[in-house]
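Protein chains: 2
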Amino acid sequence: MTGEIRVIPLHGIPELEEGDDLGVLLVAAAERVGGFEAGDIVVVAQKAVSKIEGRVVHLSDVEPSPRARELAGDDDPRRLEVILGESREIIRVRRSLVIAETRHGFVCASAGVDASNAKGPETLILLPLDPDASARLLRDRIHELTGVVAGLVVSDSFGRAWRRGTTDVALGVAGLAPLLDLKGQRDSLGYELHATEIAVADEIAGAAELVMGKIEGVPAAIVRGMTAEGDGRGTDLLMPRDRDLFR
Amino acid sequence: MTGEIRVIPLHGIPELEEGDDLGVLLVAAAERVGGFEAGDIVVVAQKAVSKIEGRVVHLSDVEPSPRARELAGDDDPRRLEVILGESREIIRVRRSLVIAETRHGFVCASAGVDASNAKGPETLILLPLDPDASARLLRDRIHELTGVVAGLVVSDSFGRAWRRGTTDVALGVAGLAPLLDLKGQRDSLGYELHATEIAVADEIAGAAELVMGKIEGVPAAIVRGMTAEGDGRGTDLLMPRDRDLFR
Numbered sequence: 001m002t003g004e005i006r007v008i009p010l011h012g013i014p015e016l017e018e019g020d021d022l023g024v025l026l027v028a029a030a031e032r033v034g035g036f037e038a039g040d041i042v043v044v045a046q047k048a049v050s051k052i053e054g055r056v057v058h059l060s061d062v063e064p065s066p067r068a069r070e071l072a073g074d075d076d077p078r079r080l081e082v083i084l085g086e087s088r089e090i091i092r093v094r095r096s097l098v099i100a101e102t103r104h105g106f107v108c109a110s111a112g113v114d115a116s117n118a119k120g121p122e123t124l125i126l127l128p129l130d131p132d133a134s135a136r137l138l139r140d141r142i143h144e145l146t147g148v149v150a151g152l153v154v155s156d157s158f159g160r161a162w163r164r165g166t167t168d169v170a171l172g173v174a175g176l177a178p179l180l181d182l183k184g185q186r187d188s189l190g191y192e193l194h195a196t197e198i199a200v201a202d203e204i205a206g207a208a209e210l211v212m213g214k215i216e217g218v219p220a221a222i223v224r225g226m227t228a229e230g231d232g233r234g235t236d237l238l239m240p241r242d243r244d245l246f247r
Numbered sequence: 001m002t003g004e005i006r007v008i009p010l011h012g013i014p015e016l017e018e019g020d021d022l023g024v025l026l027v028a029a030a031e032r033v034g035g036f037e038a039g040d041i042v043v044v045a046q047k048a049v050s051k052i053e054g055r056v057v058h059l060s061d062v063e064p065s066p067r068a069r070e071l072a073g074d075d076d077p078r079r080l081e082v083i084l085g086e087s088r089e090i091i092r093v094r095r096s097l098v099i100a101e102t103r104h105g106f107v108c109a110s111a112g113v114d115a116s117n118a119k120g121p122e123t124l125i126l127l128p129l130d131p132d133a134s135a136r137l138l139r140d141r142i143h144e145l146t147g148v149v150a151g152l153v154v155s156d157s158f159g160r161a162w163r164r165g166t167t168d169v170a171l172g173v174a175g176l177a178p179l180l181d182l183k184g185q186r187d188s189l190g191y192e193l194h195a196t197e198i199a200v201a202d203e204i205a206g207a208a209e210l211v212m213g214k215i216e217g218v219p220a221a222i223v224r225g226m227t228a229e230g231d232g233r234g235t236d237l238l239m240p241r242d243r244d245l246f247r
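For the record, the sequence lines run as chains F and G. Just so you know, we're using this note's numbering here: the first sequence kicks off at 1 and counts up by one. Just so you know, we're using this note's numbering here: the second sequence kicks off at 1 and counts up by one.
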C-alpha cells in the first residue's frame with residue numbers, strides 16, 4: 001500500500017559560483033530540516049548545477065553568425081548564436097522562439113539556454129554538458145558526506161507541445177529508475193496494462209518544483225516516501241527518433 | 001517561505017458504478033487519514049469520474065465505419081470507431097496509435113479512450129464530457145459534506161512529444177488557478193522573469209500520480225500544503241491554436 005510522500009524545500013542555499021561544493025551546501029540545507037534519510041530523492045535545479053560547473057556565457061564574448069542574425073529578429077543575435085551552439089537540430093522557429101534539440105537530445109525552448117536568474121542581464125546559463133554525470137557526482141558526494149544513499153534528479157522547466165505553461169522534468173538522474181514500466185502487470189481488476197510506462201522522474205521533478213518556485217531562490221528539494229529504486233539515466237526519458245511523431 | 005507539501009493517497013474507494021456519490025466516498029476515504037483540511041487540493045483520476053458519469057462504452061454496441069476499419073490495422077476497428085467519435089481532429093497516426101484532439105481540445109493518445117482498468121476487456125472508458133464541470137461538482141459536494149473549501153483537479157495520464165512515458169496532467173480544475181504567471185515578477189537577483197508561466201495544476205496531478213499508481217486502485221489523493229488559490233479551468237492549460245507549433 002502506497003504511503004504518503006513529502007516534498008521538502010531546501011532553503012538557505014547561497015548564490016552559487018563555479019567550483020562551489022554543492023554537495024556540502026545541500027547537506028547543510030538538509031540538516032536544517034532534519035537531514036537526509038535513506039531512500040530520499042534529492043531534486044536539484046539545473047541552474048544550480050550549471051553554475052557550479054561554469055556553464056555560463058557572457059554575451060560580450062559572443063560573435064553572432066549570419067544564421068543567428070537571421071533567426072534573432074528583434075532579439076539579441078548573440079543570444080541566438082549561443083542557442084545555435086547548444087543545438088543539434090532546430091525543430092521549430094517562430095519569431096525569436098526557437099524549439100531545438102540539444103546536444104543531449106532534449107527538445108526544448110532555446111536549447112535550454114536561459115537568462116533569468118542568471119548572474120546579470122548580459123549572462124546566459126547553459127545546460128550541463130552531461131546532466132546524468134552531474135547527478136551521479138552529486139549523489140556520490142552526498143553519500144560520501146552523510147553515508148545516506150539517495151536518488152538524485154537534476155531538473156529543468158520545459159514547455160510542452162499543445163499545453164500552456166512549463167512543468168519541471170528530469171534532465172539527469174542517478175540512483176533511481178526514471179521510467180516505471182507496467183507492461184505485463186495487472187490492474188486492480190486483473191486486466192493486463194498495455195503500453196503503460198510512467199515517467200516517474202519527471203513527476204518527481206514537477207512535484208519538487210511546487211516547493212522550489214522561481215522567485216524565492218530555492219534550488220533543491222527532497223522528495224521523501226517513494227523509495228529510490230532501480231537505476232537509469234535521464235536520457236532514458238528521450239523518445240527514440242524512430243518512435244517520435246513530432247519532429 | 002514555501003513550506004513542505006504532503007501528497008496523501010486516498011485508499012479504500014471501491015470499484016465505481018454510474019451514479020455513485022463519489023464525493024461521499026472521497027470524504028470517507030479522507031476521514032481515514034484525518035479528514036480534509038482547508039486549502040487541500042484533491043486530485044481525482046479521470047477514470048473514477050468517467051465511471052460515475054457513465055462515460056463507458058461496450059464494444060458490442062459499436063459499429064465501425066470504413067474510416068475506423070482503415071485506421072485499425074490489426075487492432076479492433078470498433079475501438080478506433082470510439083476514438084474517432086471522441087476526436088475533433090486526428091493529429092498523427094502510426095499503425096494503431098492515434099494522437100487526436102478531443103472534443104475539449106486536449107491532444108492525447110486515443111482521444112483519451114482507455115481500456116485498462118475498465119469494467120471488462122470489451123469495455124472502453126471515455127473522458128468526461130466536461131471535466132471542469134465534473135471538478136466543480138465534486139468540489140461543491142465535498143464542501144457541502146464537510147464545510148471545507150478545497151481545490152479539485154481531475155487528472156489523466158498523457159504521453160508527451162519527444163519524451164517517453166506518461167505524466168499525469170489536469171483535465172478539469174476547480175477552485176485553483178491552473179497556471180502560475182510569473183511575468184513581471186522578479187527573481188532572487190532582481191531580474192524580471194520573462195515568459196515564465198508554470199502549469200502548477202499539471203505538476204499537482206503528476207505529484208498525486210506518484211501515490212496513486214496504476215496497479216493498486218487508488219483513484220484519488222490529497223495535495224496538502226500549497227494553498228488552493230485563485231480560480232480557473234482545465235481548458236486554460238490548452239495552448240491556443242494560433243500559438244501551437246506542433247499540429
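Simulated from the structure, these hints should not be mistaken for lab results. Fair warning: there could be bad hints in the mix.
If chains are identical, the list can't say which one is meant, so a pair holds when it fits in one copy or spans any two.
Claimed, not checked - Result set (EDC-like, lysine to aspartate or glutamate): computed pairs, CA atoms no more than 20 Å apart in a straight line:
hint, residue 1, residue 2
1, 183, 20
2, 183, 236
3, 183, 114
4, 183, 15
5, 183, 18
6, 183, 75
7, 183, 231
8, 183, 197
9, 183, 101
10, 183, 61
11, 183, 140
Nothing here was measured: the structure is a model prediction, and the numbers come from that model.
Hints numbered earlier in the text: which of these fail when held up against the supplied structure? 1, 4, 5, 9, 10, 11
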